[in-house]
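There are 2 protein chains.
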Amino acid sequence: MKVYYECAPCFLRQAKEALDLATKDESVKIEIMEEIVKIVGSEFNKEAVSNEVGTKIHRTIKDKTGNDDPYIIEKQKGNEIAFKFLPQIKEIIKADNRLESYVKAAIVGNIIDFGALGVNYDIENGIINNMKRDIALNHVDKLENTLKSANNVLYLADNNGEIVFDKLLIEKLKEYDVEVTVALKEKPILNDATVEDAVNIGLDEVAELVSTGTDSIGIIYGDISEEFREIFNNADMVISKGLGNYEGLTSMELGNKPVFVLLNVKCDPIAKDIGVNYLDNVVLKL
Amino acid sequence: MKVYYECAPCFLRQAKEALDLATKDESVKIEIMEEIVKIVGSEFNKEAVSNEVGTKIHRTIKDKTGNDDPYIIEKQKGNEIAFKFLPQIKEIIKADNRLESYVKAAIVGNIIDFGALGVNYDIENGIINNMKRDIALNHVDKLENTLKSANNVLYLADNNGEIVFDKLLIEKLKEYDVEVTVALKEKPILNDATVEDAVNIGLDEVAELVSTGTDSIGIIYGDISEEFREIFNNADMVISKGLGNYEGLTSMELGNKPVFVLLNVKCDPIAKDIGVNYLDNVVLKL
Numbered sequence: 300m301k302v303y304y305e306c307a308p309c310f311l312r313q314a315k316e317a318l319d320l321a322t323k324d325e326s327v328k329i330e331i332m333e334e335i336v337k338i339v340g341s342e343f344n345k346e347a348v349s350n351e352v353g354t355k356i357h358r359t360i361k362d363k364t365g366n367d368d369p370y371i372i373e374k375q376k377g378n379e380i381a382f383k384f385l386p387q388i389k390e391i392i393k394a395d396n397r398l399e400s401y402v403k404a405a406i407v408g409n410i411i412d413f414g415a416l417g418v419n420y421d422i423e424n425g426i427i428n429n430m431k432r433d434i435a436l437n438h439v440d441k442l443e444n445t446l447k448s449a450n451n452v453l454y455l456a457d458n459n460g461e462i463v464f465d466k467l468l469i470e471k472l473k474e475y476d477v478e479v480t481v482a483l484k485e486k487p488i489l490n491d492a493t494v495e496d497a498v499n500i501g502l503d504e505v506a507e508l509v510s511t512g513t514d515s516i517g518i519i520y521g522d523i524s525e526e527f528r529e530i531f532n533n534a535d536m537v538i539s540k541g542l543g544n545y546e547g548l549t550s551m552e553l554g555n556k557p558v559f560v561l562l563n564v565k566c567d568p569i570a571k572d573i574g575v576n577y578l579d580n581v582v583l584k585l
Numbered sequence: 300m301k302v303y304y305e306c307a308p309c310f311l312r313q314a315k316e317a318l319d320l321a322t323k324d325e326s327v328k329i330e331i332m333e334e335i336v337k338i339v340g341s342e343f344n345k346e347a348v349s350n351e352v353g354t355k356i357h358r359t360i361k362d363k364t365g366n367d368d369p370y371i372i373e374k375q376k377g378n379e380i381a382f383k384f385l386p387q388i389k390e391i392i393k394a395d396n397r398l399e400s401y402v403k404a405a406i407v408g409n410i411i412d413f414g415a416l417g418v419n420y421d422i423e424n425g426i427i428n429n430m431k432r433d434i435a436l437n438h439v440d441k442l443e444n445t446l447k448s449a450n451n452v453l454y455l456a457d458n459n460g461e462i463v464f465d466k467l468l469i470e471k472l473k474e475y476d477v478e479v480t481v482a483l484k485e486k487p488i489l490n491d492a493t494v495e496d497a498v499n500i501g502l503d504e505v506a507e508l509v510s511t512g513t514d515s516i517g518i519i520y521g522d523i524s525e526e527f528r529e530i531f532n533n534a535d536m537v538i539s540k541g542l543g544n545y546e547g548l549t550s551m552e553l554g555n556k557p558v559f560v561l562l563n564v565k566c567d568p569i570a571k572d573i574g575v576n577y578l579d580n581v582v583l584k585l
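Heads up: the protein sequence lines correspond to chains A and B, in order. Residues in the first sequence are numbered from 300 upward in steps of one, following this note's numbering. Residues in the second sequence are numbered from 300 upward in steps of one, following this note's numbering.
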């Protein structure tokens with residue numbers, strides 16, 4: 300996705316939040332902020348890809364503060380929230396046992412996101428309210444049909460916490476007789492889940508886990524490892540979670556590979572790009 | 300005031316809000332945002348003066364959109380809110396008729412500010428709650444003593460709406476047998492009051508009105524007219540309203556001129572700079 304004008308203030312809001320999490324030293328913060336405004340000043344133009352700019356910002360913060368996981372506490376909170384709601388979510392989806400309910404749970408998991416919604420968003424209310432809402436743009440039927448003819452699925456994970464609900468969907472996917480490979484970040488960035496985070500919540504029990512080989516926010520084709528590029532190219536279909544992966548995938552050449560994005564629309568640019576409303580839940584075949 | 304790291308995201312948040320008010324054309328918005336991130340990228344460093352950077356941003360938005368008063372509706376709303384609360388405020392301050400109560404009313408007027416607090420802040424609740432609160436940093440005694448020996452007062456106005464409450468304080472100041480001159484903006488910028496705005500609410504009935512000769516956010520010594528510079532230099536004392544003027548005055552050489560800043564602390568950088576808390580009310584002798 301190309302940047303929208305609203306992305307510029309959001310980059311700096313998120314940079315401020317990440318800086319606040321990464322260090323308490325004000326003199327370090329202003330030095331890094333100087334560097335970040337220069338990055339945004341030189342990178343932000345209407346041809347720029349949003350998750351590529353975001354990746355540069357968050358790498359700069361990690362690199363310059365020496366804090367390689369600023370969101371570590373937020374990621375733990377994400378898990379706590381997910382496990383707290385897991386019994387309720389399980390009850391809801393097992394009542395009808397439909398693929399759509401599992402998909403919705405995975406999307407609702409995408410609300411556990413401190414990066415996009417800001418650290419003050421009321422996530423707990425968001426989870427419950429969103430399980431009750433319809434999916435605004437719903438290609439679940441296409442997803443199900445594609446699953447039926449696929450042998451393997453590449454699942455691009457997004458945030459920690461969220462992966463607890465992804466696990467439910469992935470177990471369901473396996474009823475369609477597919478091999479599922481889940482891609483996670485090589486190193487921490489924002490509140491994204493790493494391979495280690497996934498092992499911690501037992502995702503390795505239900506799928507093969509692979510690293511994207513990098514710490515980019517969402518997928519960046521030029522950034523991922525050669526090994527992961529091969530996995531991506533060989534996947535029969537892709538299920539992608541969250542904004543960063545949407546931003547990256549819509550800037551890639553996908554050929555005729557079926558790619559489904561599952562996300563909660565946590566900003567106006569994504570809403571405009573997809574053609575839905577802010578905070579809508581979406582299952583979109585790209 | 301030199302910029303703090305938090306100023307960078309705030310500049311772009313405010314730029315986005317001003318752009319949203321100035322034009323509906325998204326292609327214009329991203330073009331101007333590109334220019335603004337370049338301005339911030341080149342101007343933002345720890346020696347930069349905050350209201351000078353803000354002035355460049357808002358001038359760019361006016362210039363490039365061709366909209367010379369993006370906040371015109373917000374300014375009208377500011378007046379509406381002020382006049383709605385005027386009877387209540389008058390009742391409170393006339394109950395004890397102390398200078399401090401008039402000063403507090405003028406500070407509470409400073410809450411009617413869409414630029415600093417964002418367009419979604421609940422201003423109406425802010426007004427009532429703040430009239431009940433003590434002034435956190437209170438140099439009203441020094442202000443009163445200085446008034447007693449002064450012949451003329453230069454009053455640096457801030458926002459539209461707010462000036463309705465300034466009028467109450469200015470009438471009170473005249474009991475100290477001083478001539479009051481109120482400085483307003485030459486042209487619109489943000490929701491700042493212009494000479495025309497001041498005449499509209501009858502401020503000319505209680506004071507001489509002058510223009511700063513420019514549209515800077517707060518006072519910028521190098522930017523004001525020769526005529527206004529003379530008025531500033533000849534003033535026995537200065538009463539300054541709001542953040543922008545605080546930011547400008549603290550970056551100027553004031554000699555031994557008594558300068559009092561009256562403001563509600565609408566951001567963390569100002570809170571840190573003064574040494575008080577966010578949203579505190581302040582009467583500070585610089």
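In case anyone wonders, no lab produced these hints; they're calculated from the structure. Remember, predicted model here, so these are calculated numbers, not experimental data. For every residue, glycine included, the Cβ atom is placed at its ideal position computed from N, Cα and C. Be aware that a few hints might be false.
[As the list claims (entries may be wrong)] Derived coverage of chain A by chain B (criterion: at least 3 residues anywhere in the stretch with Cβ under 8 Å from a Cβ of chain B; other residues may be distant):
(1) 301-307
(2) 340-350
[What the hints assert, rightly or not] Computed list of lysine-lysine pairs in BS3-like fashion (alpha-carbon distance at most 25 Å, straight line):
(3) B:323 / A:301
(4) B:361 / B:471
(5) B:486 / A:355
Status of each hint after checking the structure:
1. Proximity of the segment 301-307 of chain A to chain B, defined as three or more residues with a beta carbon under 8 Å from a beta carbon of that chain, is established by the 5 residues found.
2. With a cut-off of 8 Å between beta carbons, the segment 340-350 of chain A has 5 residues touching chain B; three or more are needed, and the interface restraint holds.
3. Simply put, residue 323 (chain B) and residue 301 (chain A) have alpha-carbon atoms about 19 Å apart, close enough for the 25 Å limit, and the pair holds.
4. Distance hint between residue 361 (chain B) and residue 471 (chain B) is unfulfilled; the C-alpha atoms sit about 36 Å from each other, more than 25 Å.
5. Restraint check for residue 486 (chain B) and residue 355 (chain A): the C-alpha separation of about 39 Å exceeds 25 Å, so the hint is violated.
Hint compliance for this structure: hints 4 and 5 are not met, and every other hint is.
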